[in-house]
Amino acid sequence: MDVTNIAALSGNLAVVGYGLAAVGPGIGVGLVVSKTIESIARQPELAAKLQVTMWLGIAFTEALALIGLATPFIFA
Amino acid sequence: MSKAANNLFRRVLTLGSALIGAIAVLGGLIGYLVAGTDGLTSALIGAALTLVFVSLTAMSVWFGSKLPLGGFFGLVLGGWLIKIIGFVLVIGALKGADFINGPVLFFTLVAAILGTLAVDSVAALKARIPVIGD
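Here the protein sequences line up with chains A and B, keeping their order.
With this note's numbering, the residue at position 19 of the first sequence is 19, and numbering never jumps.
With the second sequence counted from 1, adding 1000 to any position gets you this note's numbering.
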């Protein structure tokens, strides 16, 4: 039986990796920030505490982005 | 922002820099043994990249917290966006360079990132941020 290609993919696959490394942390940071805004709207007096907690959330999410974007150094 | 939060960010930046410095020395030594001068350069570049990009996050939250709420989120999120674009450009520029040893740079970067995350977490957990400002 002949094998027929119904779709062809050309170009650099690493670009898809760059995209995924941006999408995931982008969603993560969006969630962290949106929940912080909600929380500050509910309890403005906790803003300072929430900002520090938000920074920790962003730091962890950002770690994924930096590691994901640096993977070309080992997978290339 | 309260004095406690200022102290927290000052401590995080100091301890994070010291830890990344130690990782740069260790990574540079291992890199030199594994890949010679290229390994040493790659480890130092990986540690420096982490120092710059991780410190920028803490500094954006620190300085942003002195602004009104809209300015805070604008500075933190805008800074994050510009930082990621800058990181992609730096990685793209370094990727083809012949003085780079990819695995040494990558693993130094990962070790430095995980180390700073640990420092950040411990410092944030130990910090006592008052509900009422100074």
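Think of the hints as simulated: they come from the structure by calculation, not from any bench.
Careful: at least some of the hints might be erroneous.
[As the list claims (entries may be wrong)] Which residues of chain B face chain A? A partial, calculated answer using Cβ under 10 Å:
no., residue
1, Tyr1032
2, Thr1037
3, Thr1041
4, Lys1083
5, Gly1092
Where is the CB? At the ideal position from N, CA and C, for every residue including glycine.
Hint-by-hint comparison with the structure:
Annotation: Tyr1032 (chain B) was flagged as interfacial toward chain A, and the flag is violated, the nearest CB pair being 18 Å apart, outside 10 Å. Interface hint status for Thr1037 (chain B): violated, as the beta-carbon distance to the closest one in chain A is roughly 17 Å, over 10 Å. For the restraint placing Thr1041 (chain B) at the interface with chain A, the shortest Cβ-Cβ distance is roughly 13 Å, beyond the 10 Å limit, so the hint is violated. With its C-beta approaching chain A no nearer than about 8 Å, Lys1083 (chain B) sits inside the 10 Å limit, and its interface hint holds.
For Gly1092 (chain B), the shortest C-beta to C-beta distance to chain A is roughly 8 Å, which falls under 10 Å, so the interface hint holds.
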